[in-house]
Amino acid sequence: NAGVTQTPKFRVLKTGQSMTLLCAQDMNHEYMYWYRQDPGMGLRLIHYSVGEGTTAKGEVPDGYNVSRLKKQNFLLGLESAAPSQTSVYFCASCPQRPVIDEQFFGPGTRLTVL
Amino acid sequence: QQQVKQSPQSLIVQKGGISIINCAYENTAFDYFPWYQQFPGKGPALLIAIRPDVSEKKEGRFTISFNKSAKQFSLHIMDSQPGDSATYFCAAPRGDSNYQLIWGAGTKLIIKP
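Protein chains in written order, with the working numbering: chain A, 1 to 114; chain B, 1 to 113.
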């Protein structure tokens, strides 16, 4: 099992450019999440999905869009990148349980917006 | 807005000493309190978690202590080793969600040889 994988690992964008981050999981998990991690601020939830074809906003959704067309994939899009979106982005997945359970994280994507 | 307050922000401990990190949470519908460990350049990984029908959970050198009345829980690392040097995050369920966590800001732990 590869677990949770993220593509790309690093990216540098210019202000106004767009890009898509891909997350894939091979654990058949229902729930998937996109977080951003900034120094001193922990993990902040951008968007999440509770199943194929569903998405919902997290704490900091502005400037991002997501899609979950297949259960194993969760895409995060930046339509017009801004320097404030410079961050490390983590995808996570979690099995569906009656109560909350372990989230499995990918290795992260380091994004710099110039 | 619901918060999880984690302290200290950074911690330096001598090898063999005890490392203690604290978290305070606000009201949650579910009792599930995990600690995640993150090494540089890697994603966070679950270290230990408690579902507090008990006030303490121990796994090897790692212990979670939980105080429900104070809405606080802490991570204790006994006999701290240089390999424990990492950033540690606590988390708590968000409100009445059974699939979302809200995270502390993290503690950077350095164990001096």
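Hints in this document: simulated from the structure, not taken from any laboratory. This one's a predicted model, so the numbers in the text were calculated from it and none came from an experiment. There may be inaccurate statements among the hints.
Restricting the straight-line Cα-Cα distance to at most 27 Å, the calculated cross-link-like pairs of lysine-lysine (DSS-like) are [what the hints assert, rightly or not]:
1. K15(B) - K9(A)
2. K42(B) - K71(A)
3. K57(A) - K112(B)
4. K14(A) - K42(B)
5. K57(A) - K5(B)
6. K15(B) - K57(B)
Covered stretches of chain A, as calculated for chain B (at least 3 residues, CB under 8 Å) [stated by the list, open to error]:
7. 36 to 42
8. 74 to 82
9. 88 to 101
Just so you know, even glycine gets a beta-carbon here, dropped at the ideal spot from N, CA and C.
Comparing the hints with the structure gives:
| no. | hint | in the structure |
| --- | --- | --- |
| 1 | K15(B) - K9(A) | violated, 33 Å |
| 2 | K42(B) - K71(A) | holds, 24 Å |
| 3 | K57(A) - K112(B) | violated, 41 Å |
| 4 | K14(A) - K42(B) | holds, 25 Å |
| 5 | K57(A) - K5(B) | holds, 23 Å |
| 6 | K15(B) - K57(B) | holds, 23 Å |
| 7 | 36 to 42 | holds (count 3) |
| 8 | 74 to 82 | violated (count 0) |
| 9 | 88 to 101 | holds (count 9) |
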